[in-house]
Structures are given as structure tokens and as C-alpha cells.
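K.L.:
Going down the list, the sequences are from chains A and B. Read in this note's numbering, the first sequence has 245 at position 245, and its numbers run on one by one without any break. One rule links them: number in this note's numbering = place in the second sequence (from 1) + 1000.
For the record, the hints were derived by calculation from the structure and aren't laboratory data. Fair warning: there could be bad hints in the mix.
Stated by the list, open to error - In silico negatives: residues of chain B with every beta carbon more than 10 Å from chain A: (1) Ala1008; (2) Ala1084; (3) Asp1107.
Said to hold, decoys possible - Where chain B lies over chain A, by a calculated footprint (3+ residues, C-beta under 8 Å): (4) 207-219; (5) 239-251; (6) 291-304; (7) 311-320; (8) 327-335; (9) 359-371; (10) 399-408.
Said to hold, decoys possible - Here are a few chain A residues that face chain B, going by a calculated C-beta distance under 8 Å: (11) Ala35; (12) Pro37; (13) Pro97; (14) Ser224; (15) Gly227; (16) Ala233; (17) Thr234; (18) Lys285; (19) Ala288; (20) Glu308; (21) Thr323; (22) Ile324; (23) Ala435; (24) Pro436.
Cβ coordinates follow ideal geometry from the N, Cα and C atoms, glycine included.
Number of protein chains: 2
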Amino acid sequence: MSQTPDSAVHAYIERHRAAFLDDLAAWLRIPSVSAQPERADDVRRSADWLAAALKETGFPVAEVWPTPGAPAVYAEWPSDDPDAPTVLVYGHHDVQPAAREDGWDSDPFEPVVRDGKLYARGAADDKGQVFFHTLGVRAHLDATGRTAPAVNLKLIVEGEEESGSPHFRALVEEHADRLAADVVIVSDTGMWSADTPTVCTGMRGLAECEIRLEGPYQDIHSGSFGGAVPNPATAVARLVAALHDDEGRVAIPGFYDGVVELTDRERELFAELPFDEERWLRTAKSHATHGETGYSTLERIWARPTAEVNGIGGGYQGAGSKTIIPSSALVKLSFRLVAGQDLGQVEKAVRAWAAHQVPAGIQLDIRFSPGTRPCLTPLDHPALRSVVRAMERAFQGPVRFTREGGSGPAADLQEVLGAPVLFLGISIPSDGWHAPNEKVELDLLLKGVETTAYLWSDLAENAGNAETAESGDAP
Amino acid sequence: MSQTPDSAVHAYIERHRAAFLDDLAAWLRIPSVSAQPERADDVRRSADWLAAALKETGFPVAEVWPTPGAPAVYAEWPSDDPDAPTVLVYGHHDVQPAAREDGWDSDPFEPVVRDGKLYARGAADDKGQVFFHTLGVRAHLDATGRTAPAVNLKLIVEGEEESGSPHFRALVEEHADRLAADVVIVSDTGMWSADTPTVCTGMRGLAECEIRLEGPYQDIHSGSFGGAVPNPATAVARLVAALHDDEGRVAIPGFYDGVVELTDRERELFAELPFDEERWLRTAKSHATHGETGYSTLERIWARPTAEVNGIGGGYQGAGSKTIIPSSALVKLSFRLVAGQDLGQVEKAVRAWAAHQVPAGIQLDIRFSPGTRPCLTPLDHPALRSVVRAMERAFQGPVRFTREGGSGPAADLQEVLGAPVLFLGISIPSDGWHAPNEKVELDLLLKGVETTAYLWSDLAENAGNAETAESGDAP
Chain A
1 MSQTPDSAVH
11 AYIERHRAAF
21 LDDLAAWLRI
31 PSVSAQPERA
41 DDVRRSADWL
51 AAALKETGFP
61 VAEVWPTPGA
71 PAVYAEWPSD
81 DPDAPTVLVY
91 GHHDVQPAAR
101 EDGWDSDPFE
111 PVVRDGKLYA
121 RGAADDKGQV
131 FFHTLGVRAH
141 LDATGRTAPA
151 VNLKLIVEGE
161 EESGSPHFRA
171 LVEEHADRLA
181 ADVVIVSDTG
191 MWSADTPTVC
201 TGMRGLAECE
211 IRLEGPYQDI
221 HSGSFGGAVP
231 NPATAVARLV
241 AALHDDEGRV
251 AIPGFYDGVV
261 ELTDRERELF
271 AELPFDEERW
281 LRTAKSHATH
291 GETGYSTLER
301 IWARPTAEVN
311 GIGGGYQGAG
321 SKTIIPSSAL
331 VKLSFRLVAG
341 QDLGQVEKAV
351 RAWAAHQVPA
361 GIQLDIRFSP
371 GTRPCLTPLD
381 HPALRSVVRA
391 MERAFQGPVR
401 FTREGGSGPA
411 ADLQEVLGAP
421 VLFLGISIPS
431 DGWHAPNEKV
441 ELDLLLKGVE
451 TTAYLWSDLA
461 ENAGNAETAE
471 SGDAP
Chain B
1001 MSQTPDSAVH
1011 AYIERHRAAF
1021 LDDLAAWLRI
1031 PSVSAQPERA
1041 DDVRRSADWL
1051 AAALKETGFP
1061 VAEVWPTPGA
1071 PAVYAEWPSD
1081 DPDAPTVLVY
1091 GHHDVQPAAR
1101 EDGWDSDPFE
1111 PVVRDGKLYA
1121 RGAADDKGQV
1131 FFHTLGVRAH
1141 LDATGRTAPA
1151 VNLKLIVEGE
1161 EESGSPHFRA
1171 LVEEHADRLA
1181 ADVVIVSDTG
1191 MWSADTPTVC
1201 TGMRGLAECE
1211 IRLEGPYQDI
1221 HSGSFGGAVP
1231 NPATAVARLV
1241 AALHDDEGRV
1251 AIPGFYDGVV
1261 ELTDRERELF
1271 AELPFDEERW
1281 LRTAKSHATH
1291 GETGYSTLER
1301 IWARPTAEVN
1311 GIGGGYQGAG
1321 SKTIIPSSAL
1331 VKLSFRLVAG
1341 QDLGQVEKAV
1351 RAWAAHQVPA
1361 GIQLDIRFSP
1371 GTRPCLTPLD
1381 HPALRSVVRA
1391 MERAFQGPVR
1401 FTREGGSGPA
1411 ADLQEVLGAP
1421 VLFLGISIPS
1431 DGWHAPNEKV
1441 ELDLLLKGVE
1451 TTAYLWSDLA
1461 ENAGNAETAE
1471 SGDAP
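So here's chain A without its partners, still in its complex pose (with noise of 0.2 Å):
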């Protein structure tokens, strides 16, 4: 099943190893958090660095593409082939809010190597999983001696995916002919584990709001009043009640609509994976599993659209007590969403649920940022098969199936550039993507390396196939 790996391959990456991972460390050094309006200056220091970086690499062309929020970079490197494919490498160089306090052992923005594992905010996500990109091409080049790619390689690497990618879809839709590609690859997402290399065949959308209650003018006595006003805290609890029934099931009328059901196929592929739900369990860091009824694990986080709550807060949070009854309270949300789901129908089912749970006299702000759509790629596509393959002769081993809980705007390339969208990434569920002590194994990061330094050759070879498939929300 696996081809024989590439001895060239394997010395090239050897030998640029260490500068290749001191590189890397430079880049997570800037803490390019898009969620944090005083990093700004990050970000945009963060893109420069990368356009430089790429250039650095051999990429004819490294631009950074400004938008009204944080700027993207954007670089093309021509094959030397006049009927090479086109492809569209997508990645993020923006990171999630990292701070010492939240509970990292070492600061996240100071990159460090422990026991094989490099530790910084952006180490998996998505930094390294951009990077290994520039050491993939030169290894391509090395080992079959050419001088330029033998597709056209673009990169888009994106400064605001953490931030649900506000601009990104304008951004597209302004370079669609410089972004044009017979195939996109997108380098944000993770494999089932160390021993057992997958490609991701999709990603869950996401939708997420702030709901603001407001109560009184101002906190209000707990004795003088209390018992005979409306409480926004209590509003903004009974709300997030609200949300699931007892069966945990995303209460709201229409969540569900046009929802694509998994097929028994992919239940069955699901179910060959070695899941095992203890260690799945400490990667969740978790103490229980819980969710919606009649659905495994993998398809609760794979295949079924969610409600979660990322912050609530409202009233005294400090030390001892302080009997009062807060003047307003807040609830993030997020939800995900599968195959099916249509984001303004979602905002729109929201809403008009909202407006139901709470009492007279508190008044209901719901903002929405802009959403992210969920995405599918078909099972059989052929140049699934190149990327399956070119993992195959990297890992040395069969290569699965699985989906992507998390959401990325690949759904929006598919759309607007009419390309297919193929999942390479390498990172895995233990790397703490958004968590504390995110971090990235050495060994998948040249994994990765090495997929790509095959990749391109295969997909060159099968362009003509890639070029025919057809691409879809439906399985």
C-alpha cells in the first residue's frame, strides 16, 4: 500500500532540520492574537515576517494583502511545467489568546523544545502546520531535481481565522483569478494520532454570538429587592437552559433544518477507528463523555452540529460576597454546524428563539459575528487519493478517514473558487489546540515536510483526474 520513501527526501530534511525549526521559533515568537485589538500591530508583524520567510524559501512572489481587519499573506511559486496543476495551499498566521496565567508552564509566546515536542501558542495551530510548507517545496526540489514546483504552488495564509475570519470570503472574492487553483489543501486540522495517520474529509461551520442582558440601570440591592425583579444573571442561566433538551439536543426551532445525516457508510468508518474512550477522555482533559443521544463520540463531534458556551459572566465574580442584583450578565456562544446547515438561517432561527426566553422587563442584545461554513469532501475524490497516498509512503502505513470537529473557511474557497477542498494536517488531538501548552510533535511537523515533497509530483501526475472530480457539501 505505502510507496517506498525518498532517501534524497529524508537526507534534505535532515540536514535543514534545525534552521528550519529555529526559523519557525522566530515566527511564534510574535503573538499574533486577531481576538485582541492591542495585538494588532502583531498580526500585521506576523505577516510581514511570513512574506519575508516565503521569499526566503524561493517564492517568486510573497505579498501581504491587506483587509479592513488583519492582513493575510499570499505567495506563488510557477511551475516550470506549462501544463502543471494549480494548487492552493490555505493556512492561518493569526493564534488563539495565550497568557502565562491561564495555566501554561511556560510562556506561550517563548517557544520551547521538551521531550520532542515544540511548546508555543500557534505551535499546531496553525503555524507549524503552515511552515512545514517552505521546507515541503525545497525538499520537492532537491530530491527531483527540479528548479521550480511540479504544480503551480500558491500559499494563502489568512491573519483573522481565529477570530472566525471576518474578511477572508472578500479577500477571495477580490484575488479570485490570483487564487484560481485546480485543487485547494488546506493545512489546519489534525490527524487521529501519531500511530494512525488520517486525512480529514471535512469540517464543521461555526456561528457564533454574544447575548447581553440587561436588568436594572445599575447593581441593585439582593435584600432591598430582591424576590421581586427580574434578574439578568437569572435571564442569561435560563436561556443557556434552554438551549438543550434533556435528550442533548440543540433545543432551538430550525437548528436542526436541512441538516445532512451521516450515512452508514461513514458510521461504519467511523466505528473501524481504534477509539479508545478512556485516553480520548484525558485528551478532552475531561472527566465524563456527555452529549446528544444516539450518536457516538466521533459522531457527536464529527458529524452533528453543536451549541456550546464559551464564556458567561454577569454580577460579582470577586473575592467574598456581594449581595447584589447585577445590572446585566452575558453569554458567548458558538455553534457548530455540518453539512446542510445554512449560517444566516441559523442566526436567524437564534434570534427569534432568544426573544422567547427571557422575562419582561430585561432587555436582549445578540450580536453575531460572521459565521464560518461547514464543508465535505467527497470520499472517492482522486486527489484525495494523491494526498492518502503521499501520507502512505511518509508514514509508512495506511492512511483513514476521519472528520474535523473544528471549523476553518475552506467552505468558502470550495464556493468561490470552484475548487475541491482536501484536508492535509498533522497535527493531533493531544497538541491543545486554544488550550494552555499547546504544542506540536518534531516528528508528524517533518511528517508533514515530507508528505508535501511527495505530494506535488502525485498531484502532477494525476492533475488530469483532479481536474475532472467533482466537489460537494453532500458525502
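Given chain A, work out where chain B should sit, using these hints.
P.N.:
What follows is chain B alone, placed relative to chain A:
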């Protein structure tokens, strides 16, 4: 009904008013916030300041009494009449937390007079109401030509009332001999309004707890794990939502055990008060009333037990979004209790109930603060009639009866000292207890001074009645 006011009392107050207000302002500048550990020195400084001020007033004994927490102040001024009854005045010198950014128009600890009102944290709750006793006893002496009060006057001013009086009962028990009194006067309550002077006949009790729910060991990615593990923020919301049924009743089994229901006579007296819902809502700074079905607003706040959320929190509450499942969430709850409810039984009921509210995989931790008992004064108590007469003389009009929705350690004094508890407070609902821009109306503050100037003589004359009166939980 009302007796003739005393021109000597008026003249005395007028002469000393400016110095009295300057002294009060000096005390209000000390930020004696008992709930904040970093203010512990300020609370001690407040006790020292008060003891010195009471000595300056003329109290032969004025001592700072340490506790394991914040100190109390004790003072006594024996009567020169060997048959005089003994009165113990209760108040507190600690205040609620306050910060300019909570919505204060001026620094909460820099008192300012605007439009006849003195604005500062503690102006009404409770420093202003403690302090009117200093000028009051001087006016009493001056107007009666006495060199010592007509009653043996004692003051106990605690420093932890806003933190639930955790050490007050033990302090009272320790010093029960020195605190022994024929009657206790609590100056930590309010009146109906500036136009409708009232005497309070009862306070609600208070049980407070913080409930902390622990889920994942750390924040985890809501995409990778969302929908498949229990979310502590969702769990805390569902717990809070389960606090009340759809009729606004507290849904904790056993919570209402022993509650002394309102009598028809009390409901009539409440209904006779000039209650204006629109005006009350303005005072409550709220948009609507809300509460237990079958009870009026006054009944809800004065005579019904409640469950209120004082604070709720968990996960990301900052700007932008963070797609996590938070590792923990908390809620601070307070329960107002009425006569007949037992603190220990309420805590037991809450613990038993809460244990059933969280899903598997969520750890529950509940911490109760020491509580405050509810109390009630019988409407026909002879000492209550002395208070009514003194107030009617000061206010020149009829005095009505209310209760207080708030809580104080009056019931402990009643229980430990075996003395009836009466309430003398001149604050009004718009004074903003526990809220930004707390204030006291200067005219009412001086009516408090005047009332006590009359009260000690009246109580001394009617001591025989007071001494034989009974007091208990039930009206």
C-alpha cells in the same frame, strides 16, 4: 398623635450640624470594605477612628474589640439614674465594595454634598446611621440638662456585616455580660420614604454560597471536543435555571419548610402603604416587577424568601471570541430567609438539591458563608411604641410599619442577649445601598439625630413595660 418638638434639641443640632457632617465625611473617606482582603487595614482604621470619635462624643468607654476577622467597636455611657433601663444600639462600620468605574459620578470614598444629599459608600449603609447617635445623645443631654443619658447607652458597631457577620455571634456570646441590655435598637434599616416615616418590624435572614463547577482540567477547544463532553458553563446555567419554578417559587425541596406565612392583618398594613409601582421601579432601577405568583411586590421583598444570583462567571468574557469549553464556572447565590426558616436546614436543602443538578463529569463544590437569621418584632411591643413616639415627634406626623428585605445580625442579638430588637433607621430606598452613588439625605440624617434625642427619655419613662415585653420570631 405627634408630640411637640423640642426647640432646644433643634437649636443644639443646628449649632453642631456642620462639625457633625465634617466628622462623618472624615469617616466615610476610610474605605472599610470588609469583603476585600486588601482593605483589611482600612477596616481596622475605621474601627479606630470610630472609637476615638465616640470618646470625643463623651462615651466614657469606647473600645475596639478584635475578632478573627475585622474588629468591632464597643462603647458605653452609663446613666446617672440607678433604675435606668439599658439600651444597646447596633450598627456596622464596614461597607460594600465600590469603585468609580461601577458607575459612580464621584469617588465613592471622597464624600460630596450635592443638592442636600451626601454621596459616599457607607453614607446610608451604615456609617451615617451609626453616626447620628453621636450627635443625638449630645442633643438629648443638652435639651434635658442631664450630664449622663436617661438610659444606660451601649453601642456595638461591627466590622463584618457586609461579609455576612461571620464572627459577630461569637463576639456577642463572648461579651454577653457587657452587651446585656433591656432592648436592642438596630440602626441599619430604612423608612418607606422621606414623606412617609416608618418603623421596620422585621428583617429577612441571609444564606450565601458560592457554587463552583469544574469540568475539563483546562479550557479545551470547542470545535475539537464540543458536543461530546459536559460544559461547566452550561451546567452552572442549568443549575441556576432550576432554582425557580415557572411560578417564581424557589424549587429547592424543603426550602420553604417552617416559613411563617403573612397574617391577614400584616397583608392589610402592607396594602395601606402608599405603594406606587412606577415609582418603586424607578427606585429599583428596574423595567418590570417579577417574582413569586400570588404575592404583591411588598410581600415579595419583605415577607417571602428568595434565591438570587449575585454573580455568575465562567470561560472567556473579554473582547472578541474564544472558542473554548471552559474548565470551570461559578455562581454566587444568596437566599433571603423569613421567620421560621432555619439556616442549617436551608444549607442542607441547597446542598442536597445542587448535587442532583450537575451531569456526570462535572465536579461540584459548594461553600456557604456564615448566614444571618431572619427576625421579627411584635407589632404591639411597648418599646416599639417608644420608638414610634420619638419618631412622630421628630417627623411631626404619623409613623407606619414596614419590614426590611435586607438582612442583619439582629436575630443573633435577640437570641444571645434575650432582649427584644427594635429598628430605627432613616434611610430611604433611593439611597442606593450596595449600588453606585450611595447617598444619605441630610434632612433625614438630622431627623435621626432628633429622634434619638427624644427616644432615650421616652424609653426610660416606659422602661417597666419594655422590660416585661416578649419578643420572638412570629408576629
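K.L.:
If you look at each residue in the region 359-371 of chain A, do at least three have a Cβ nearer than 8 Å to any Cβ of chain B?
P.N.:
Holds, because 6 residues of the region 359-371 of chain A bring their Cβ atoms closer than 8 Å to Cβ atoms of chain B.
K.L.:
Say whether it holds or is violated: Asp1107 (chain B) keeps its Cβ farther than 10 Å from all Cβ of chain A.
P.N.:
17 Å, holds
K.L.:
Report holds or violated for chain B covering the region 239-251 of chain A, Cβ cut-off 8 Å, minimum 3 residues.
P.N.:
It holds, with 6 qualifying residues against the three required.
K.L.:
Please count how many residues of the region 311-320 of chain A have a CB within 8 Å of a CB from chain B and say whether that reaches 3.
P.N.:
holds (count 10)
K.L.:
At a threshold of 8 Å, is the proposed contact between Thr234 (chain A) and chain B supported by beta-carbon distances?
P.N.:
Cβ of Thr234 (chain A) sits 5 Å from chain B, so the hint holds.
K.L.:
Closer than 8 Å Cβ to Cβ for three or more residues is the test here. Does the region 327-335 of chain A pass it with chain B?
P.N.:
holds (count 6)
K.L.:
Can the region 399-408 of chain A be counted as covered by chain B under the rule of three residues or more with Cβ-Cβ separation shorter than 8 Å?
P.N.:
holds (count 4)
K.L.:
Is the interface hint for Ala435 (chain A) satisfied, with its Cβ closer than 8 Å to some Cβ of chain B?
P.N.:
Ala435 (chain A) check passes; min Cβ-Cβ to chain B is 5 Å, inside 8 Å.
K.L.:
Against chain B, run the beta carbon of Ala233 (chain A) and see if the smallest gap drops under 8 Å.
P.N.:
With Cβ-Cβ at 4 Å, under 8 Å, it holds.
K.L.:
If I take the minimum Cβ distance from Ala1084 (chain B) to any residue of chain A, is it greater than 10 Å?
P.N.:
The claim holds: Ala1084 (chain B) sits with its nearest Cβ about 34 Å from chain A, beyond 10 Å.
K.L.:
Using the nearest Cβ pair, does Gly227 (chain A) come within less than 8 Å of chain B?
P.N.:
Hint holds; Gly227 (chain A) Cβ to chain B Cβ min 4 Å, cut 8 Å.
K.L.:
Per the coverage rule (Cβ-Cβ under 8 Å, at least three residues), is the region 207-219 of chain A covered by chain B?
P.N.:
holds (count 7)
Going through the hint list in order, the structure satisfies each hint without exception.
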